[in-house]
Amino acid sequence: MIELVSDPGWELLEELNIETEFDIVKARQSVRQYAKDAGMGIVDQTRITTAVSELFRNMYMYAGGGVVRIQKGMYEGHPALVITCMDNGPGIDDITLAMQDGYTSGQGMGYGLPGAKRLVDDFVLQSEPGQGTSVRVAKWK
Amino acid sequence: MITNERRIPIIKIRDFLIVSIQVDMHDRLALQLQTQILEEIARTHARGVLIDISTLEMVDSFIGRVLSGMASMAAIMDAAVVIVGMQPAVAITLVELGLEMPGVETALNMELGMEMLEKRLESER
Chain S
39 MIELVSDPGW ELLEELNIET EFDIVKARQS VRQYAKDAGM GIVDQTRITT AVSELFRNMY
99 MYAGGGVVRI QKGMYEGHPA LVITCMDNGP GIDDITLAMQ DGYTSGQGMG YGLPGAKRLV
159 DDFVLQSEPG QGTSVRVAKW K
Chain V
-5 MITNERRIPI IKIRDFLIVS IQVDMHDRLA LQLQTQILEE IARTHARGVL IDISTLEMVD
55 SFIGRVLSGM ASMAAIMDAA VVIVGMQPAV AITLVELGLE MPGVETALNM ELGMEMLEKR
115 LESER
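Chains as they are written, first to last, in the working numbering: chain S, 39 to 179; chain V, -5 to 119.
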């Protein structure tokens, strides 16, 4: 698993495991609640919830699951919600290709990664073949 | 709310099926609903399906794909699908996500959706 370093100032709100389809639903509902608590409007709540739903499903479908860390804190000077997804899956061979609209390696429609990126304010992806994939997204008001 | 076993009810009124999705669907439930609706079209010879998603807080690419897949499949079975009541935030997010839903007709609410289906049926008579 590729560990993405957290800012020591960030507060850990929740850590969840994605193992089943139910976990995807549970985790995205959690994220929506934290977005609501952070005072985000309905559109931003929907954006971040949809973005993480794509990421959680990727972990479930391609890596058999993974770990989700929900944090809040200052991110590039903004009070933000930071969600980090880490898995032990096969990793992404060609990140540039995976970030292209319409590209999919599996049953997806290829909106997953580039679509999720458009819905958030910052998007960090690290992946190594054989070592897994880690994605961090941040959303602020 | 996460539903495990519960099915989403499908109601038949005249020539149409009415479905109101009121839970945050996990993937298998969405696929199950797709099959259920197609089976109901075959069983009842319904000519149209109204799917109310007004309480859905999120449509991601998977659910979007299930909805548009359902519309294509229903069309082959000579039934039209109208998605009604999509929340503005959901519509905004779907467009930003880049998801296109070809063949999916939409209406603002159930009443307008019903009118759409009735007009379609009348024009065929």
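Don't take each hint at face value.
As the list claims (entries may be wrong) - In silico contact screen, one side only, chain S against chain V (beta carbon under 10 Å); selected entries:
hint, residue
1, I80
2, A89
3, K110
Source of the hints: derived by calculation from the structure; they are not laboratory data. In this text the structure is predicted, and so the values were computed from the model without any measurement. For each residue, glycine too, the CB sits at the ideal point set by N, CA and C.
Results of checking the hints against the structure:
For I80/S, the suggested interface contact is upheld, since its CB lies about 5 Å from the closest CB of chain V, less than 10 Å. For A89/S, the interface hint holds, the least distance from its beta-carbon to any beta-carbon of chain V being 8 Å, beneath 10 Å. Taking 10 Å as the C-beta cut-off, the interface hint given for K110/S is violated, the closest approach to chain V being about 20 Å.
Hint compliance for this structure: hint 3 alone is broken.
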